[in-house]
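S.K.: Sequence:
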Amino acid sequence: MAIAVAAVAAAIHLSAAFLNVSPPNTLTKRHGAAIDDYVYPEFERVWKLFAPNPLQQNIAVQARAEIRTSDGGTATTGWRDLSAQDGAAIHHNPLPSHTQQNELRRGWEFYVGSHDVRERPQGMRGNLSEQYIRRIVMLRLGREEDGGTVERIQVRSATTPVAPPSWSDEKIDTKTVYRTLPWWTVTSDDLPEAKRR
1 MAIAVAAVAA AIHLSAAFLN VSPPNTLTKR HGAAIDDYVY PEFERVWKLF
51 APNPLQQNIA VQARAEIRTS DGGTATTGWR DLSAQDGAAI HHNPLPSHTQ
101 QNELRRGWEF YVGSHDVRER PQGMRGNLSE QYIRRIVMLR LGREEDGGTV
151 ERIQVRSATT PVAPPSWSDE KIDTKTVYRT LPWWTVTSDD LPEAKRR
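When you line the sequence shown up against my numbering, it's residues 1 to 197, in that order.
It is worth saying that the hints were derived from the structure and are not from the lab. Among the clues, some could well be false.
What the hints assert, rightly or not - Taking CB as the label site, the calculated pair distances span: (1) 34 <-> 117: 31 to 37 Å; (2) 29 <-> 99: 28 to 34 Å; (3) 96 <-> 29: 44 to 50 Å; (4) 156 <-> 56: 18 to 24 Å; (5) 187 <-> 117: 24 to 30 Å; (6) 117 <-> 70: 35 to 41 Å; (7) 34 <-> 6: 20 to 26 Å; (8) 58 <-> 124: 26 to 32 Å; (9) 23 <-> 125: 36 to 42 Å; (10) 31 <-> 3: 25 to 31 Å; (11) 180 <-> 36: 43 to 49 Å; (12) 100 <-> 40: 26 to 32 Å; (13) 80 <-> 29: 27 to 33 Å.
Every residue gets a Cβ at the ideal spot worked out from N, C-alpha and C, and that includes glycine.
Put together the whole structure using the sequences plus the hints.
M.R.: Printed below as a string of structure tokens:
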């Protein structure tokens, strides 16, 4: 009797799970609400683990600095591609750290998600994300850059849509679009602990 009950329960469970992910059909149209009530939230599947959405664009985070030169003047460095540096650092590393792979990317996502299109922070998280980006950049640049002391930094993203495969007839403009942030003055709080002195 117990085996029969277990077999029926397994059949119901597998049928509901199958119908939940199957294309719309007569059963799901008629009993969709009951199937969803059974499946969600306990048996929900997150397919992104197995089939994530493929990248639609490449985003590179770049930074430059305004430095105080030894003769008292100021100069602006060229743009440094921090994302490319991260990529090069993990390219031949069989076990890259989570920080190497994600610190800059997640920091940029944090910034974008907490600012509007005019770069105005939205709430406390916006200010925190700015501070986080400044610290990441200063960790990469250091207090001294190109023979001068870094006084201000500027960050931008370069977003390039991924071209469709050669067999596709889809047309996409692959022109790179830049999102340039305002200049930020560097304070001692933006420097790594060891470099504050």
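S.K.: Could you run down the list of hints and mark each one as holding or not?
M.R.: These are the hints, each one checked on the structure:
At roughly 43 Å, the beta-carbon separation of residue 34 and residue 117 lies outside the given 31 to 37 Å, and the hint is violated. Between residue 29 and residue 99 the CB atoms are about 48 Å apart, so this pair departs from the stated range of 28 to 34 Å. The given range of 44 to 50 Å is respected by residue 96 and residue 29, whose C-beta atoms sit roughly 47 Å from each other. For residue 156 and residue 56, the Cβ-Cβ distance of about 20 Å falls inside the hinted range of 18 to 24 Å, so the restraint holds.
For the hinted restraint 24 to 30 Å between residue 187 and residue 117, the CB-CB distance of approximately 26 Å keeps it satisfied. For the pair residue 117 and residue 70, the supplied restraint of 35 to 41 Å holds, since their beta-carbon distance comes to about 39 Å. At about 21 Å, the beta-carbon gap between residue 34 and residue 6 stays in the expected band of 20 to 26 Å. The hint said 26 to 32 Å for the Cβ distance between residue 58 and residue 124, and at roughly 31 Å that hint holds.
As the Cβ distance of residue 23 to residue 125 is approximately 40 Å, the hint placing it in 36 to 42 Å holds. A beta carbon spacing of about 27 Å between residue 31 and residue 3 agrees with the range 25 to 31 Å that was offered as a hint. In this structure, residue 180 and residue 36 meet the distance hint of 43 to 49 Å, their C-beta atoms being roughly 45 Å apart. For the pair residue 100 and residue 40, the beta carbons lie near 37 Å from each other, so the given range of 26 to 32 Å is not met.
Taking the beta carbon of each, residue 80 and residue 29 are about 56 Å apart, not inside 27 to 33 Å as hinted.
Comparing the model with each earlier hint shows violations of hints 1, 2, 12, 13; every other hint is respected.
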